[in-house]
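Chains as they are written, first to last, in numbering that gives the first Met the number 0: chain A, 0 to 335; chain B, 0 to 335; chain C, 0 to 335; chain D, 0 to 335.
Quick caveat, the hints were computed from the structure, so don't treat them as lab data. Every residue gets a Cβ at the ideal spot worked out from N, C-alpha and C, and that includes glycine. Hints may contain errors.
Said to hold, decoys possible - Computed spacing ranges between beta-carbons, pair by pair:
{"no.": "1", "chain 1": "C", "residue 1": "Ala136", "chain 2": "B", "residue 2": "Thr111", "range": "24 to 30 Å"}
{"no.": "2", "chain 1": "A", "residue 1": "Lys107", "chain 2": "D", "residue 2": "Ser263", "range": "50 to 56 Å"}
{"no.": "3", "chain 1": "D", "residue 1": "Ser52", "chain 2": "A", "residue 2": "Gly140", "range": "28 to 34 Å"}
{"no.": "4", "chain 1": "A", "residue 1": "Arg157", "chain 2": "C", "residue 2": "Glu306", "range": "51 to 57 Å"}
Said to hold, decoys possible - With a straight-line Cα cutoff of 25 Å, these simulated BS3-like cross-link-like pairs (lysine-lysine) come out:
{"no.": "5", "chain 1": "D", "residue 1": "Lys329", "chain 2": "A", "residue 2": "Lys329"}
{"no.": "6", "chain 1": "B", "residue 1": "Lys264", "chain 2": "A", "residue 2": "Lys264"}
{"no.": "7", "chain 1": "B", "residue 1": "Lys329", "chain 2": "C", "residue 2": "Lys329"}
{"no.": "8", "chain 1": "D", "residue 1": "Lys297", "chain 2": "C", "residue 2": "Lys264"}
{"no.": "9", "chain 1": "C", "residue 1": "Lys48", "chain 2": "C", "residue 2": "Lys60"}
{"no.": "10", "chain 1": "B", "residue 1": "Lys92", "chain 2": "B", "residue 2": "Lys35"}
{"no.": "11", "chain 1": "A", "residue 1": "Lys60", "chain 2": "A", "residue 2": "Lys329"}
{"no.": "12", "chain 1": "B", "residue 1": "Lys297", "chain 2": "B", "residue 2": "Lys92"}
{"no.": "13", "chain 1": "B", "residue 1": "Lys60", "chain 2": "B", "residue 2": "Lys48"}
Unchecked claim - One side of the interface only, derived from the structure: several residues of chain D facing chain A at Cβ under 10 Å:
{"no.": "14", "residue": "Gly140"}
{"no.": "15", "residue": "Asp141"}
{"no.": "16", "residue": "Leu205"}
{"no.": "17", "residue": "Asn206"}
{"no.": "18", "residue": "Phe276"}
4 protein chains.
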Amino acid sequence: MLRIAVLGCGRIGQMHAANVARHPRSTLAAVYDVHKPSAERIAHDLGVKAAASAEEIFASKDVDAVLIATATPTHADYIEMAIAAGKAVLCEKPIDLSLARVESCAAKIAGTSIPVQLGFNRRYDPGHAAARAALVAGEIGDLHQVIITSRDPGIPPRSYLEAAGGLFRDMTIHDFDLARFMLGEEPTEVFAIGGALIDPALGAALNEIDSAMFILRTASGKQCHINNSRTAVYGYDQRVELMGSAGMIISDNRKPHEMRRYSSKSVEASEPYQFFFLERYLEAFMAEIDGFVDCVEKGAAPLASFEDGRRALILAEAAYISMREGRIVKVSEVNA
Amino acid sequence: MLRIAVLGCGRIGQMHAANVARHPRSTLAAVYDVHKPSAERIAHDLGVKAAASAEEIFASKDVDAVLIATATPTHADYIEMAIAAGKAVLCEKPIDLSLARVESCAAKIAGTSIPVQLGFNRRYDPGHAAARAALVAGEIGDLHQVIITSRDPGIPPRSYLEAAGGLFRDMTIHDFDLARFMLGEEPTEVFAIGGALIDPALGAALNEIDSAMFILRTASGKQCHINNSRTAVYGYDQRVELMGSAGMIISDNRKPHEMRRYSSKSVEASEPYQFFFLERYLEAFMAEIDGFVDCVEKGAAPLASFEDGRRALILAEAAYISMREGRIVKVSEVNA
Amino acid sequence: MLRIAVLGCGRIGQMHAANVARHPRSTLAAVYDVHKPSAERIAHDLGVKAAASAEEIFASKDVDAVLIATATPTHADYIEMAIAAGKAVLCEKPIDLSLARVESCAAKIAGTSIPVQLGFNRRYDPGHAAARAALVAGEIGDLHQVIITSRDPGIPPRSYLEAAGGLFRDMTIHDFDLARFMLGEEPTEVFAIGGALIDPALGAALNEIDSAMFILRTASGKQCHINNSRTAVYGYDQRVELMGSAGMIISDNRKPHEMRRYSSKSVEASEPYQFFFLERYLEAFMAEIDGFVDCVEKGAAPLASFEDGRRALILAEAAYISMREGRIVKVSEVNA
Amino acid sequence: MLRIAVLGCGRIGQMHAANVARHPRSTLAAVYDVHKPSAERIAHDLGVKAAASAEEIFASKDVDAVLIATATPTHADYIEMAIAAGKAVLCEKPIDLSLARVESCAAKIAGTSIPVQLGFNRRYDPGHAAARAALVAGEIGDLHQVIITSRDPGIPPRSYLEAAGGLFRDMTIHDFDLARFMLGEEPTEVFAIGGALIDPALGAALNEIDSAMFILRTASGKQCHINNSRTAVYGYDQRVELMGSAGMIISDNRKPHEMRRYSSKSVEASEPYQFFFLERYLEAFMAEIDGFVDCVEKGAAPLASFEDGRRALILAEAAYISMREGRIVKVSEVNA
């Protein structure tokens with residue numbers, strides 16, 4: 000049983016803490032949050048200790064590993080501290096909003112053999128993972144096109160958006176990573192457009208967009224499209240399509256259950272898709288923990304690594320340049 | 000081009016006349032209806048002659064074959080007249096409501112080499128036919144269970160019901176035939192229940208039922224369930240399921256098109272199923288004509304024969320005994 | 000947190016023990032099995048105590064409730080002992096293979112206010128439950144027909160079959176209960192056929208069947224069909240269809256994930272359905288525990304009660320009479 | 000009955016001739032092809048006259064309208080001749096591969112009240128048309144994103160490709176038109192990438208691509224993605240997705256029938272999608288004729304007009320500039 004402490008007790012930290020607690024291969028060692036009452040509430044609910052500080056966790060010999068789910072600006076610091084303390088790391092995305100900080104963190108932990116896994120949950124989703132496995136097994140021949148649809152069920156509150164670092168770094172970063180995971184080679188060019196179609200006023204106030212489209216291309220010519228929206232009223236929309244010389248694979252949305260309605264108005268009508276990431280990627284979050292335990296206990300390489308986090312951020316930066324300049328941008332143009 | 004005359008210009012006769020006219024392998028030679036204005040209207044629309052009598056059609060040397068879509072009580076007479084006149088026959092179901100009359104007709108036309116095809120359209124439906132083909136090809140191993148769902152979109156007018164001969168002879172007869180087609184061997188036992196669930200008052204007035212369930216079994220033990228309803232508000236419901244030792248095949252409902260809606264209320268909602276038999280079995284009706292031309296021109300055996308019509312009626316009779324007596328009835332108990 | 004002890008550490012007991020351990024509203028108090036090493040293995044894995052006897056559990060003041068997952072012949076005894084000891088009961092189906100024993104148990108515990116819940120997992124399945132809720136909400140008007148498809152993925156070992164008490168009491172009992180749950184009124188008549196289609200030799204040796212079909216009818220005339228097979232090679236097949244005057248609802252099979260394949264051979268091909276009840280009804284088993292905690296902590300009536308277990312068994316008995324005698328059997332004909 | 004002559008008896012001309020002949024509102028007046036035996040064969044099969052020249056058709060008083068399905072370079076000439084002769088025109092896409100020639104043709108026929116309809120079949124497809132209708136009815140609120148998937152089942156022969164004018168003018172032109180149809184406002188910017196992923200050698204030899212992706216944007220900011228491939232081995236892939244503030248609509252692929260297979264390998268597997276445009280858009284081609292008859296007989300405006308043909312070609316030209324220059328191109332940059 001891997002003893003994992005969870006740093007950060009916000010929405011996603013709470014979920015991770017509960018998952019760690021009930022995962023058959025891990026135990027929850029402790030929780031910490033800068034807002035003490037949050038940590039105490041979770042600690043009480045799950046029957047563990049709320050640490051007084053992150054340092055206390057890094058120093059504890061009852062902690063094998065940390066799951067970092069704190070605010071983004073603290074991720075890189077905590078990664079560095081964890082590695083220094085010899086604790087394995089499972090860190091939520093993004094590593095940092097600043098590519099320079101990501102690079103400096105990378106330099107600091109270079110050469111460590113301690114596992115650092117990134118929270119790119121899509122890679123662990125049973126449907127997406129099966130799609131990737133079928134692709135790798137050669138079922139669709141040579142991959143030609145990847146289509147990723149990624150739409151949140153509703154626009155987040157203004158306070159969230161102000162801290163999120165922009166759509167591409169906050170939301171699309173998952174899709175950039177998924178594109179890399181599926182393409183099997185690095186995208187070398189990125190094109191992006193964006194707009195504030197859902198809430199133009201908010202968009203103007205924050206200089207932020209809520210709808211976007213992307214085209215990526217790899218050196219060998221593989222093509223990838225991503226589309227994003229902050230408001231899919233029909234539920235969290237998460238689809239991946241892989242099209243190749245010998246066939247196609249689609250990893251489609253998951254419904255809460257398989258009940259369908261038939262009336263004089265419509266047939267085969269299902270409940271809206273699973274509300275948001277906590278529901279949609281529940282299995283993926285559990286599989287993340289499983290994969291993480293494998294990294295620590297069996298020396299497996301993380302399916303989603305620090306380097307994957309860095310490369311996804313570079314694609315986000317390239318996309319921002321593209322959106323500003325109205326042209327396809329070479330990934331090699333991006334400087335930290 | 001096979002020159003086909005259509006007898007009967009009611010709802011289904013009109014459809015057949017139009018289909019014969021536009022089918023690439025047939026031409027509409029003439030139409031006839033006991034109600035002259037009906038025949039004349041169709042004749043005018045399709046640019047053919049309205050015959051003054053059925054006899055005129057049987058006597059015409061410009062007619063190769065007849066499609067009988069008149070009122071049920073005339074079917075057997077017209078079949079006999081057609082065979083006497085050397086015209087091939089495509090006759091709507093049922094042959095007659097009286098098994099005795101069917102037997103006497105069978106006796107009269109026994110030994111003829113002139114094709115007599117029955118209008119069991121399900122056999123010609125692309126989905127059902129593909130299911131049968133896959134079954135015959137061994138794809139699901141030994142067949143164990145057949146489930147037939149057959150529900151009309153709405154209860155017909157009282158006048159129709161008064162002449163229809165009862166649900167089992169009018170509606171289920173298609174399903175009895177489909178059961179035989181799929182089972183690949185004769186059902187030897189029949190069990191049936193029925194009730195007037197949709198319109199109990201009408202049921203009481205006519206001593207008629209609108210909802211029914213059946214279980215059939217063959218000599219080798221294959222099991223078949225049929226369910227019927229006169230009111231599927233979500234559209235004409237026509238499904239067949241074949242379950243075997245190595246798999247299952249379902250021939251499902253056809254939608255008018257593949258447009259689906261996604262909202263905050265439901266996802267994947269389609270338009271109701273195709274309204275009724277004219278829409279759902281349009282391709283089947285055209286394939287019926289194609290098969291009929293093959294019978295006449297190439298000497299093919301009808302996929303749905305007079306004997307199939309006779310046997311389906313026997314199953315209906317067995318079902319009536321079962322419903323009355325509350326027990327499983329041997330098909331061999333039925334006497335004409 | 001409800002402290003639940005699990006009696007029986009076979010396949011289903013193991014699963015229940017793990018579920019109780021990870022359910023947020025329950026803790027696993029202890030486990031017991033007549034085969035001590037089985038209990039000790041589970042106890043070790045889940046970090047609890049293996050009780051030396053069932054009596055030890057009933058006597059323990061650290062146990063609030065028991066989940067009975069032992070061999071069927073012990074169920075009724077343990078229910079009686081639990082009630083005598085003041086422990087709430089969640090008991091796997093069936094209560095007993097003998098209706099007389101069920102009746103004597105009922106008499107013994109009559110009048111108790113201690114909750115006794117039956118393990119009819121279908122009632123707790125999210126899809127089936129949503130279907131029932133939509134029905135109760137009036138979405139499909141008056142219910143006319145219920146179709147239950149229930150097929151296991153493979154024939155169990157001979158040793159299992161020898162002790163199982165016959166297909167109707169072992170497997171169909173779930174479907175009889177589900178029929179009652181959906182019909183909303185008692186079936187008053189039962190018709191059944193069965194056969195050994197998958198393994199005739201085994202069927203002959205054990206005088207057992209592996210494929211069956213049923214028709215049930217309620218006093219008001221509602222119709223219900225059930226079909227069973229021990230061998231759905233395409234995965235555990237668990238469907239419910241509710242057809243009414245204003246629409247239809249289907250609770251369909253659940254796939255392991257939503258990945259679909261498209262090739263030159265076929266399109267929209269998914270992985271086989273979830274393997275068996277441990278996978279298919281995982282959410283239902285967890286919801287069972289949730290409902291059980293509500294019974295104990297909030298005084299809720301069990302969604303699946305002892306009486307439901309008794310009535311389902313009566314339907315099984317009626318079905319056996321029907322199969323033997325080839326006629327529809329009144330439920331009132333069944334004597335304990 | 001509108002008397003329509005068909006010019007061009009190649010693959011698509013043959014189909015149009017047969018459709019005109021069997022359409023209830025039109026008759027086939029004559030056929031013509033520069034290759035006389037082709038015309039004579041069709042004329043024989045359909046029982047009409049093969050005209051000796053196009054001029055003969057334009058001069059005939061037994062012809063109300065012409066359907067132009069000849070080689071692309073003749074389209075504009077025939078349109079001009081038809082208008083001069085007072086014949087209504089239904090012309091296959093594209094009008095011409097040269098935008099200059101399209102502009103000169105537009106100038107020549109400017110002001111005519113004689114209907115000119117373009118063969119943009121997608122607009123007439125029942126599923127796509129229903130999607131458009133639901134959008135216009137406000138069902139999904141404000142439109143934000145359009146996703147068009149358009150993939151041919153196989154790469155055409157080299158000879159076809161040499162004359163086709165390039166992927167964007169030959170194939171994508173349908174999608175550019177469909178984008179305009181769905182967006183409800185003009186795209187003002189176009190971005191495109193392309194590659195020869197299926198057959199790089201052929202691509203190099205012809206300087207042609209077989210796979211492409213596009214992003215379009217309108218003045219109000221609506222976003223549209225199109226993807227194209229010449230090789231969807233799973234069948235002709237034609238999907239449209241409309242995503243808006245209040246919901247989503249998908250017009251999905253149509254299968255030949257609704258038979259699904261269930262085995263130990265996969266479930267819900269259907270036959271590959273309808274092979275190619277003759278099958279997939281059969282209903283659309285018939286609806287085209289219906290719409291055309293409405294134009295002539297009722298003075299309706301064509302759903303797909305000459306101007307629509309011109310604007311789609313402009314988008315193709317903008318896409319070529321974009322692909323060459325690696326930047327988003329304003330549609331206003333395109334000069335004839």
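Right, here's what the structure says about each hint:
About 59 Å separates the C-beta atoms of C:Ala136 and B:Thr111, a value inconsistent with the hinted range of 24 to 30 Å. Here the CB-CB span from A:Lys107 to D:Ser263 is close to 52 Å, well matched to the stated 50 to 56 Å. A hinted range of 28 to 34 Å is violated for the C-beta pair D:Ser52 and A:Gly140, which are about 48 Å apart. Separated by about 55 Å at the C-beta atoms, A:Arg157 and C:Glu306 satisfy the suggested range of 51 to 57 Å.
Note on D:Lys329 and A:Lys329: the hinted pairing holds, with a Cα-Cα distance of about 21 Å set against a maximum of 25 Å. Taking the CA atoms of B:Lys264 and A:Lys264, the gap is near 13 Å; set against the 25 Å cutoff, the hint holds. A distance of roughly 21 Å separates the Cα atoms of B:Lys329 and C:Lys329; the hinted pair therefore holds under the 25 Å criterion. Between D:Lys297 and C:Lys264 the CA atoms are separated by roughly 46 Å; this puts the pair beyond 25 Å, and the hint is violated.
Distance restraint check for C:Lys48 and C:Lys60: the Cα-Cα separation of roughly 14 Å lies within the 25 Å cut-off, and the hinted pair is therefore satisfied. Restraint check for B:Lys92 and B:Lys35: satisfied, since their Cα atoms lie roughly 23 Å apart, inside the 25 Å limit. For the hint pairing A:Lys60 with A:Lys329, the CA-to-CA distance comes to about 46 Å; that exceeds 25 Å, so the pair is violated. Between B:Lys297 and B:Lys92 the alpha-carbon distance is near 24 Å, which keeps this suggested pair within the 25 Å criterion.
For the suggested pair B:Lys60 and B:Lys48, the alpha carbons sit about 14 Å apart, so the restraint of at most 25 Å is met. Annotation: interface hint on D:Gly140 holds; nearest CB of chain A at approximately 8 Å, less than 10 Å. Interface restraint check for D:Asp141: the shortest CB-CB distance to chain A comes to about 7 Å, inside 10 Å, so the restraint holds. For D:Leu205, the interface hint is violated, since its Cβ never comes within 10 Å of a Cβ in chain A; the closest pair sits about 16 Å apart.
A distance limit of 10 Å between C-beta atoms decides the matter here; for D:Asn206 the minimum to chain A is near 15 Å, and the interface restraint is violated. Using the Cβ-Cβ criterion of 10 Å, the hint placing D:Phe276 at the interface with chain A is not satisfied: the shortest such distance is roughly 19 Å.
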